[in-house]
Amino acid sequence: MTELTKLTLTEARDGLAARDFSARELTDAYLGEIAAGNQALNAYVAVTEDKARAMAAASDARLAKGEGGALEGIPLGIKDLFATKGVHTQACSHILDGFKPPYESTVTANLWADGAVMLGKLNMDEFAMGSSNETSYYGNVVNPWKRTGSDEALVPGGSSGGSAAAVAGALCLGATATDTGGSIRQPAALTGTVGMKPTYGRCSRWGTVAFASSLDQAGPITRTVRDNAVMLRSMASVDAKDTTSIDAPVPDYEAAVGKSVRGLRIGIPKEYRVDGMPDEINALWQQGIDWLKDAGAEIVEISLPHTKYALPAYYIVAPAEASSNLARYDGVRYGLRVDGKDIADMYENTRAAGFGAEVKRRVMVGTYVLSAGYYDAYYLKAQKVRTLIKRDFDQSFEAGVDAILTPATPDAAFAPGAITDPVAMYLNDIFTVTVNMAGLPGLAVPAGLNRDGLPLGLQLIGRPFGEETLYSLGSVIEQAAGRFTPKRWWA
Amino acid sequence: MSVDIDTVKRVAHLARIKVTDTEADEMTGQLNTILAFVEQLDEVDVSGVEPMTSVVKQEMKKRADVVDDGGYPQDVVANAPMSEDNFFMVPKVVE
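As given, the protein sequences belong to chains A and B, one line each in that order.
Under the numbering used here, the residue at position 291 of the first sequence is numbered 291, and the numbers go up by one with no gaps.
All you need for the numbering used here is the position in the second sequence, starting with 1, plus 491.
Same shape as in the complex, but just chain B (with noise of 0.2 Å):
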């Protein structure tokens, strides 16, 4: 598989990445070169065979449903580049 620059760009949307024309057309050839390599995969019968989950064998750890952390909103925020009252500042989402 191969992507072409209109994937590209849509990609980036997804990522939330802003690209330049020249951009694109630059990471189209990088993205090809690297799908092309990873297409190695498809030599490999995987027929029958589950994708792999957790590397070590262990239960999933479970605790108590209980409030344990917190209380502390201030340093939360304190690395927001814009914040009011502890909350985060965003731009206006809702007209």
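With the rest of the complex left out, here is chain A (with noise of 0.2 Å):
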């Protein structure tokens, strides 16, 4: 690891603002740590050197102007997700091969405005659908981190692990993510990198490659909480391409950061604490009450009674919007063709190749509780538990609480073919489908690590467009924790 990349994304800014060093030599910097490294992580699966390159010299001419913008010269990864114009757009699938978008994501297009320079696309689960990044059509990621002592490859989360992975391994400064059921702030959890899922609305859907539109929702991952503020914001607008996105400003996050929480209610959630749970997720949580009580945050014990419905009934609405989402991928418009004897045939064919096994395993899931007969069973009744789970969060609102402090993940990083049961693999999302069942933003921000020296993290979950508060508690935890880096063992 060089110097360079040992800065932190605001550090690396103010330095870059001051002419310590050029947009060129950072991204060289960049460029050599994905050069040693991806090869081990694989959290990369396309690297945009030349594009890097040029985008960082023109950060350079901007910077020697006085004209830079609010990441200018900053080199981030982009997952897979995120259309960018010409560049390998796959969502991680077979089904997508080949496919280069004419257009941009707006939020990716944010980003370049501001002067942030794109180092490549990131390796997630196929269309965002996983938990340990395992589905991927282009392989595994691997943790940067190891349990201590022990040689065995971990997984980095899912689904946005090539994220995660390229954030704790320095092999970006910053990458954006998306999230519809937990796919940010739980590889952050187990990566030990900070994740935010803003309020449903706030970064604009349109140019992402769309899993449960209801759902799904684009954020930051980084390594501190400054970071992260620094990079929503870019991140964030108002968008007319996007129906959803919310007309609303978006506030300057980073001045939330270190500011006092003195007064701040925060509430704690009985019905998180869950059978089974580890020891060391139980004292974590304590921990994260002290620190905030510490702080001068009041602490009230809520009940949010529906919780442990959120994860069955996201198991319905997500399938179900997916199953209509991804019937877009038929061989006519773009990505992999398989002939068949007539155009039936060339559509099933198409999708039984294109698509891996827990894609397929949704979209037959979606399809099936949105079939004839079923639709008022399943998927009606999905939405009305939505509706309480949502009450349940306006309810401990209503009654003053600021914020909310729950575990992000049941546990740490586990090894991949670890968990082979379907349903088992989706209760890693157990503590964060509520806040996207409910829209709300949620922050993953590392707090400890586990026994066996692997990160655990904390979630802070606020009230719709309450991130401005969440980075303030994030940045107690994080000033009370401390940061935590992985051992560089991959190159």
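Some hints here could point you the wrong way.
Unchecked claim - Straight-line distance between alpha carbons at most 27 Å, and here's what the computed DSSO-like set of lysine-lysine pairs gives:
1. K548/B to K390/A
2. K552/B to K241/A
3. K341/A to K583/B
4. K509/B to K384/A
5. K146/A to K487/A
6. K500/B to K341/A
7. K341/A to K548/B
Hints in this document: simulated from the structure, not taken from any laboratory.
Please assemble the complex out of the two chains, which come individually in their own frames, going by the hints.
Shown next as structure tokens:
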């Protein structure tokens, strides 16, 4: 690791502004890290070296004229779910083979407008369906973290596994990610990084490959809370091209970092104490409570009675929306085509060859729950349960709770192949999925290491558009817990 | 509710995914595990509860009914596995 890649995003930003080093030098340092480490970590599925160097050179020219943007010269990794003009965009699926969009997603366009540099496209679970990055057509991502004294590879979590691993392993300064049921916060927790899923509607979904449209939301994964605040400000916008984009100005999130949390009321939901949860997770949660209390926050016990129904409701709503969204992959307009004896046979052959097992499973579940005679029993019922889940949160906020503190995941990183039962894998998102069902913001912050030396995270859940409060609280936890960096074994 | 292999094959056809008998058999078990998991929702009393339609309250945005984009058919078909004269090519569907 060079001295340049040890800097955080905000330190690098300040160093570039002060002309301590050039954007070209910073980008070259990261391209060097990728060349040395990506074979072992498999975080990138495409590295855009020439584009990165050209963008960095343009940043240097702007910095020289004093015209640098908020992210001028900052090298970022982009999850393969975001459309990047003329560049590999395949949601890590075989069915999108060779797809190079002729347009740019709003989120990435915002980042480039603020001067950021694209290093490449990051690995992920196929169509963002997975919690361990084992469903990617491009192979597993390897977590930069290993258990103390062990050489066994571990998963980085998913679906934004490439984003989390690249940030933890210093193969980029920050990464875009998306979160439908926990896909930003769970991998962030498993890699010791900071991950924010913003309020639904805060970041435009335009140009982001759709999984479950009522739940999908983009957000950043970074090394620090301050970095995260800076990156979200650039990603978020009001966008006429997404009807669910919210007409509200984007605040200066960085100003909230380090702000006093004295007097804030923090809810502790008793339903999140689940059976069989490791003692370490409970201890970590208590530690988080104590840190916030020490910082002057008021702790109150709350009840969110429908918590246990969030995951089963999610596994109706998300597959239903996915089965509809993924109907477009038919071998006609883009990607893979496998010929057949007629057009229907061509569709069936293409989708059989192009989708992986987990994607097929979810499309099948979604098709079934939406099929004639089952809509009311499954989809409509799940949407009613979703109303109750959101009502639980609304009632806590109406009672004066400013934010909620929970564990981010039920356990630390595990080995690939360790979880083969689909439902057991789904349980990884038990603490995060409620937040998507209610459209709320959620922030995962690293809070400690377990007895094997693996990172564990805490989750802060906010009111709608309460991202600033989460950044203030998150920085309290970060200050108390410190930062966690894996031992560099991969290069 | 649970599904049998014939239902799985029917659903696979609805979803336009070709499955072999072995795959359909495997999927039957997996789908039943997932359906058993989501059946927990039967414990919840949802009488009088409105289904969620939007997590964030907002007015549906409207825009003027005008053409404000387009005119680049070559970009639209650029990623097609088969195209000709800016049309998508598919197997013959009418005799």
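Each hint, compared with the structure:
1. K548/B to K390/A: holds, 12 Å
2. K552/B to K241/A: Satisfied, since the Cα-Cα distance of roughly 10 Å is no more than 27 Å.
3. K341/A to K583/B: holds, 10 Å
4. K509/B to K384/A: violated, 33 Å
5. K146/A to K487/A: holds, 8 Å
6. K500/B to K341/A: OK: K500/B and K341/A at ~19 Å, within 27 Å.
7. K341/A to K548/B: Given pair K341/A, K548/B is violated - Cα atoms ~48 Å apart, limit 27 Å.
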